[in-house]
Amino acid sequence: MSQARFNPGDAVRVRQAFPPGHVRTPYFVRGRSGQVQQHVGSFANPEELAYGRDGQPGQPLYRVSFRQTDLWQDYDGPASDTLVVDIYDHWLEPQS
Amino acid sequence: MSHDHHDHTHHTPHPYQPDIEDKPFTERMVMTQAVAELLVEKGIASADELRQQIELMDSREPALGARLVARTWLDPEYKARVLADVNAAAAEIGIDTGDIPIQAIENTDAVHNVVVCTLCSCYPRMLIGLPPDWYKSRAYRSRTVREPRRVLEEFGTKIPDSMEVRVHDSTADLRYIVLPVRPAGTDDWDEDKLASLVTRDSMIGVCPAKSPEDL
Amino acid sequence: MTLRRHHDMGGLDAGPVEAREHDYAMWEKRVDAIVKVLSTPDRKLLSTDELRRGIEELGPGVYDELNYYERWISSATNILLEKGVITVDELGAKMSEIEARWTADRAALDKDTRQ
Chain E
80 MSQARFNPGD AVRVRQAFPP GHVRTPYFVR GRSGQVQQHV GSFANPEELA YGRDGQPGQP
140 LYRVSFRQTD LWQDYDGPAS DTLVVDIYDH WLEPQS
Chain G
92 MSHDHHDHTH HTPHPYQPDI EDKPFTERMV MTQAVAELLV EKGIASADEL RQQIELMDSR
152 EPALGARLVA RTWLDPEYKA RVLADVNAAA AEIGIDTGDI PIQAIENTDA VHNVVVCTLC
212 SCYPRMLIGL PPDWYKSRAY RSRTVREPRR VLEEFGTKIP DSMEVRVHDS TADLRYIVLP
272 VRPAGTDDWD EDKLASLVTR DSMIGVCPAK SPEDL
Chain L
155 MTLRRHHDMG GLDAGPVEAR EHDYAMWEKR VDAIVKVLST PDRKLLSTDE LRRGIEELGP
215 GVYDELNYYE RWISSATNIL LEKGVITVDE LGAKMSEIEA RWTADRAALD KDTRQ
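Residue numbers (our numbering), protein chains in the order written: chain E, 80 to 175; chain G, 92 to 306; chain L, 155 to 269.
Extracted from the complex, chain E is given alone in its bound form (with noise of 0.2 Å):
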């Protein structure tokens, strides 16, 4: 399996690209920035076992927090309130 590269607390950027084909990670966080909560383990990555391959070697999963405020410039909420998804490794930039 994958090295995981990122532990919890982490400050992560998701990556900026919009790639055709099965994805995982929402558009909605593509380019954003949060924080790892969790490193869950690791898994077979989903873009290759959607055309019949193998997935290996498995991809680290994270759990990464978002801000809603940092994600909805409308957002109709306090500023404590965040969102969590489940993210894999190779879809994370550390932020610089």
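It cannot be assumed that every hint is accurate.
To be verified - Pulled from the structure, derived: some chain E residues nowhere near chain L, Cβ distances all over 10 Å:
| hint | residue |
| --- | --- |
| 1 | F85 |
| 2 | G88 |
| 3 | D89 |
| 4 | Q116 |
| 5 | Q117 |
| 6 | G120 |
| 7 | G137 |
| 8 | D149 |
| 9 | D168 |
| 10 | Q174 |
As the list claims (entries may be wrong) - Capping the alpha-carbon separation at 20 Å, the derived lysine to aspartate or glutamate pairs in DMTMM-like fashion look like this:
| hint | chain 1 | residue 1 | chain 2 | residue 2 |
| --- | --- | --- | --- | --- |
| 11 | L | K237 | E | D133 |
| 12 | G | K170 | G | D283 |
| 13 | G | K227 | L | E172 |
| 14 | L | K183 | G | E128 |
| 15 | L | K265 | G | E118 |
| 16 | G | K133 | L | E236 |
| 17 | L | K198 | G | D190 |
Stated by the list, open to error - Okay, the calculated beta carbon distance ranges per label pair:
| hint | chain 1 | residue 1 | chain 2 | residue 2 | range |
| --- | --- | --- | --- | --- | --- |
| 18 | L | K198 | G | P251 | 47 to 55 Å |
| 19 | E | S175 | G | A171 | 36 to 44 Å |
| 20 | L | H160 | G | L174 | 34 to 42 Å |
Just so you know, the hints here were simulated from the structure itself, not pulled from any lab data. Keep in mind it's a predicted model, so treat the numbers as computed, not measured. Glycine is no exception: its CB is placed at the ideal position from the N, C-alpha and C atoms.
Start from chain E and add chains G and L according to the hints.
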């Protein structure tokens, strides 16, 4: 905390296709039957196996999750095991949740959690059964991530601004179940009675658990 | 330039959440069972990921016209055809046979769709 306890599960389920009298079958129903019969004819699947799979999903229902939640309210050590590994903790009480990992998310006095799958409709089926139509709807999948408080209000749930609303988009291999807060006025209740307060909607996170007054 | 695929709908505007529910019809449960059985480790004829990808490839119009399990069976069938698990010809013949059966005989429809 001011939560409206209106519960959408009180209304009676109604048929999905109101024109069933005019159109007794659709192309996809025919396709389904065709694929099933071909798979059986080719020896790829047996009719028994298909039937057993249907029965397996029929056996999964919110009451199973409700029992697990009620036990976490009574037993802090069980709760810790649930938070560590729902699948193992469910197996302890005789519920086989299969291979897909389920994670529990605990509601507290500070945080209210709600679960959605924006990309398709992932749901902890092996614990609480098949999801309701609204969970799979465009409206729920689109809006819950962006305006969760408004969506919650449509379910009669008002979370004060002093609490955090935390939305979970289950985009990958994990499924999520919310552990609702134990309602007040239940101090000497047993597991069965507590389980009767835990609704499917409270384990998705659009409502709190029912109160004693709601029963 | 950005590309939002049709199924990737988080954050888009939509109307109120209608708290609709329905008891699953037998054909819907059958779709669910077909998919699960095809994905067992000893078969690996269809994975959840392939099913999802197939649904995403149905295209915006079809995606919105079909309901949840109609999308499932459409995707699963397309993938089975791609893999040659079933052929177009035998599927066509079987679908014609079933349609004829169900049209001629209401009892046959009831038997197939309610058991």
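Do the hints match the structure? See the list:
A cut-off of 10 Å between C-beta atoms confirms that F85(E) is not in contact with chain L; the least separation is 22 Å. Even its closest Cβ contact with chain L, about 25 Å, leaves G88(E) beyond 10 Å, as expected for a residue assigned away from the interface. The claim that D89(E) lies off the interface holds: its Cβ sits roughly 23 Å from the closest Cβ of chain L, which is beyond the 10 Å cut-off. Interface exclusion of Q116(E) from chain L stands, the closest Cβ pair being 18 Å apart, more than 10 Å.
With 10 Å as the threshold on Cβ separation, the claim that Q117(E) sits away from chain L holds: the shortest Cβ distance comes to roughly 20 Å. Distance to chain L confirms G120(E) as a non-interface residue, since its nearest Cβ pair spans about 17 Å, more than 10 Å. Every C-beta of chain L lies more than 10 Å from that of G137(E), the closest at about 14 Å, which supports listing it as non-interface. Residue-level check passed: D149(E) sits 13 Å from the nearest beta carbon of chain L, beyond 10 Å.
With a least beta-carbon separation of about 17 Å from chain L, D168(E) lies farther than 10 Å from that chain, consistent with its non-interface assignment. At roughly 20 Å from the closest C-beta of chain L, the C-beta of Q174(E) stays outside 10 Å, upholding its exclusion from the interface. The hinted pair formed by K237(L) and D133(E) meets the criterion: a straight-line CA distance of about 16 Å does not exceed 20 Å. Annotation: proposed proximity of K170(G) to D283(G) holds, straight-line Cα distance about 17 Å (limit 20 Å).
Taking the CA atoms of K227(G) and E172(L), the gap is about 11 Å. The hint holds against a cut of 20 Å. For the hint linking K183(L) to E128(G), the alpha-carbon distance of about 15 Å falls within 20 Å, and the restraint holds. At roughly 17 Å between alpha-carbon atoms, K265(L) and E118(G) fall within 20 Å of each other, so this suggested pair holds. As the CA atoms of K133(G) and E236(L) are separated by approximately 17 Å, the hinted pair is consistent with the 20 Å bound.
Restraint check: the Cα-Cα separation between K198(L) and D190(G) comes to about 15 Å, which is no more than 20 Å; the hinted pair holds. Between K198(L) and P251(G), the C-beta spacing of about 49 Å keeps the proposed range 47 to 55 Å intact. One distance hint, 36 to 44 Å for the beta-carbon pair S175(E) and A171(G), holds here, with the actual separation near 38 Å. A hinted range of 34 to 42 Å holds for the C-beta pair H160(L) and L174(G), which are about 36 Å apart.
When each numbered hint is compared with the structure, no violation occurs for any of them.
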